[in-house]
Amino acid sequence: MGSQPPVVQATEAIDEPISLLLIDDDERWLWVTEQLLSETYDIFTIETATGFHSGQEKIESSDPDCIVCDHQLGDGTGLQLLTWVRERDRIQPFVLITGRGSEDVASQAISEGVTEYLSKSENENCELLVRYVLNAVSQYRTETALQRERTTNDRILELVTATTDPESIFQQLCQLLIDEYEYRCVWIGQFGSGTHIVPRAAAGETRYLDLLLDTVGLSYVEDDPALLALRSGENVIVHDIDGESDAIDSQMDDGDDRSWTGLAAQCGFGAAAGIPIERDGACIGVLGVYGADASVVSETHQQMLATQATIVNHLSRVGGWKQSLLSNEMVRVDLTIRDDRVPLLAAVTALPDCNRIEVQSVTIRDNGRRIYHVTTENYVDWSALTDTVVDFVAATTHSPSTATLETSTLIPEEVAVDNGAVFDRSVIENNTVVLSIRIPDGKKLSPIVDALRSHFGQVSVSRKWRDPNATPTYAPNDPIETLTDRQREVLQHAYYGGYFDFPRNISATEIAEQFGVSQPTVSQHLRAAEQKVFSRLFERTTE
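The UniProt record's numbering applies: residue 1 is where the sequence shown begins, and numbers increase by one.
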């Protein structure tokens with residue numbers, strides 16, 4: 001610790017104030033150091049204590065960002081206090097200062113986990129102390145933020161593996177951000193029909209949403225950060241709502257002089273952020289957060305929120321596809337699409353010997369690739385797809401033929417599921433796509449049709465009927481329900497790709513390449529999936 005760290009400017013290293021606790025039985029040193037720090041750096045909020053026990057009390061009551069403590073305290077030592085602090089927090093910044101420069105004390109301090117060690121003779125103008133404190137706090141905040149984000153992401157992973165309902169996942173995610181990051185209000189929204197805003201989930205002080213939106217989703221004001229982010233597709237950050245209130249000229253639709261800042265003030269908000277949720281370069285929703293002060297929208301928090309927005313996009317997609325596999329059949333709908341922007345519809349014209357393609361399943365990969373598993377009535381020369389947006393992956397040689405195809409272009413099956421539909425199959429024939437879906441009883445079909453039309457133009461409802469014999473795609477004791485998402489995807493991909501044919505049409509290595517993982521990983525997933533399926537089947541026969 002003898003070498004000096006590089007000079008760190010407060011404005012570059014720290015984006016919010018630092019609470020500093022100075023502890024020394026030398027009251028003159030305390031006063032001089034506090035004055036020097038306060039007059040030179042406005043980033044510090046400083047408290048002092050004059051002994052071991054008073055220092056403990058201050059630490060317990062205020063939990064400072066950094067502790068600067070002299071070794072000799074009268075009623076104890078700095079080393080003893082360091083040991084006590086490390087029992088509470090193994091990485092909280094702790095700078096030990098001594099008047100004696102003892103190597104023995106330094107050695108003990110290092111072994112106890114001191115952050116930095118400094119003699120009073122080296123700290124006449126506090127410059128070195130400030131460097132140490134800024135470095136320590138910056139590193140501490142980075143580590144704690146990463147740990148908190150890891151914890152949050154672990155809990156989110158638990159959510160998505162525990163439920164198939166996207167609305168439930170979104171609701172729990174909002175509550176998770178309230179619990180972990182002390183936001184006052186969190187909500188997830190998206191556009192409904194026209195200019196209507198649809199809140200998908202909200203937690204905390206949700207009264208704000210009642211003030212912001214009417215019962216059908218029309219906004220009373222236009223410049224709330226979340227609404228601006230949803231419309232612009234860019235982050236909108238407000239660090240000081242009170243300071244913004246004079247600069248923002250926003251009125252209610254009825255002419256009442258109430259801005260969004262006034263509504264926010266009613267709910268006790270001091271800062272806010274709107275983070276767009278994007279998919280394929282387009283804004284599909286927004287994550288809105290509101291808190292007491294600027295700390296909740298710091299650069300670190302903005303990065304975390306951007307990550308959560310990405311996770312929301314992923315969860316909505318995963319949740320939709322899981323729901324597609326597990327939902328009860330309610331109302332069946334056939335939609336007719338005639339638009340060359342549908343990848344398979346455009347590609348089939350390049351296949352002269354192919355009159356009909358039936359899509360059995362679709363897998364959406366994290367990298368944006370869409371994997372089709374299709375069947376055809378006769379052998380098809382798939383090499384003719386070379387100049388299309390659809391790539392050939394693998395196929396069986398017998399009739400009917402099963403093939404695996406891939407594209408990076410948006411597909412109608414994806415749009416339908418992302419908007420709450422359950423995918424059954426698609427049939428491409430006679431320059432037309434017939435997309436067969438299911439929707440829960442009572443769910444409106446129009447938002448799904450509108451979403452499809454916004455991407456593929458010519459979309460019409462050709463058939464709609466209720467199935468009185470609705471059953472779950474996977475029955476309660478079905479062996480497939482025991483599989484994880486990845487095991488199901490790998491097993492499904494292997495089956496449709498011809499892995500279980502003789503001879504095999506696709507190898508574990510080829511499957512691994514398509515999933516972007518190693519061959520042993522694919523083999524492990526296949527073994528685990530096979531074991532689960534066979535165990536459930538054979539256990540059922542012996543019951």
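One or more of the hints may lead you astray.
[What the hints assert, rightly or not] Quick list of in silico lysine-lysine cross-link-like pairs, DSS-like style, CA-CA up to 30 Å:
#, residue 1, residue 2
1, Lys58, Lys120
2, Lys443, Lys464
3, Lys444, Lys464
[Claimed, not checked] Estimated spans, in silico, between C-beta atoms of each pair:
#, residue 1, residue 2, range
4, Asn153, Glu57, 48 to 58 Å
5, Asp179, Asn378, 53 to 63 Å
6, Asp179, Glu299, 21 to 31 Å
7, Ile91, Glu530, 36 to 46 Å
8, Gln531, Ser107, 29 to 39 Å
9, Arg207, Ala145, 54 to 64 Å
10, Glu299, Asp353, 52 to 62 Å
11, Ile91, Asp340, 33 to 43 Å
In case anyone wonders, no lab produced these hints; they're calculated from the structure.
Please read all numbers here as calculations on a predicted model, not as lab measurements.
We put the beta carbon where it would ideally sit given N, CA and C, even for glycine.
So, going through the hints one by one against the coordinates:
With a C-alpha separation of about 23 Å, the suggested pair Lys58 and Lys120 falls inside the 30 Å cut-off, and the hint holds. Distance hint between Lys443 and Lys464 is fulfilled; the C-alpha atoms sit about 13 Å from each other, no more than 30 Å. With a C-alpha separation of about 12 Å, the suggested pairing of Lys444 with Lys464 holds against the 30 Å cut-off. For the pair Asn153 and Glu57, the supplied restraint of 48 to 58 Å is violated, since their beta-carbon distance comes to about 36 Å.
With their beta carbons about 58 Å apart, Asp179 and Asn378 fall inside the hinted range of 53 to 63 Å. In this structure the hint that Asp179 and Glu299 lie 21 to 31 Å apart at CB holds, the actual value being about 22 Å. The hinted window of 36 to 46 Å between Ile91 and Glu530 holds, with their beta carbons roughly 45 Å apart. Taking the beta carbon of each, Gln531 and Ser107 are about 55 Å apart, not inside 29 to 39 Å as hinted.
The hint said 54 to 64 Å for the Cβ distance between Arg207 and Ala145, and at roughly 29 Å that hint is violated. Glu299 and Asp353 have their C-beta atoms about 58 Å apart, which keeps the hinted 52 to 62 Å range intact. Look at Ile91 against Asp340: about 58 Å separates their beta carbons, and that is not inside 33 to 43 Å.
Checked against the numbered hints above, the structure breaks hints 4, 8, 9, 11 and satisfies the rest.
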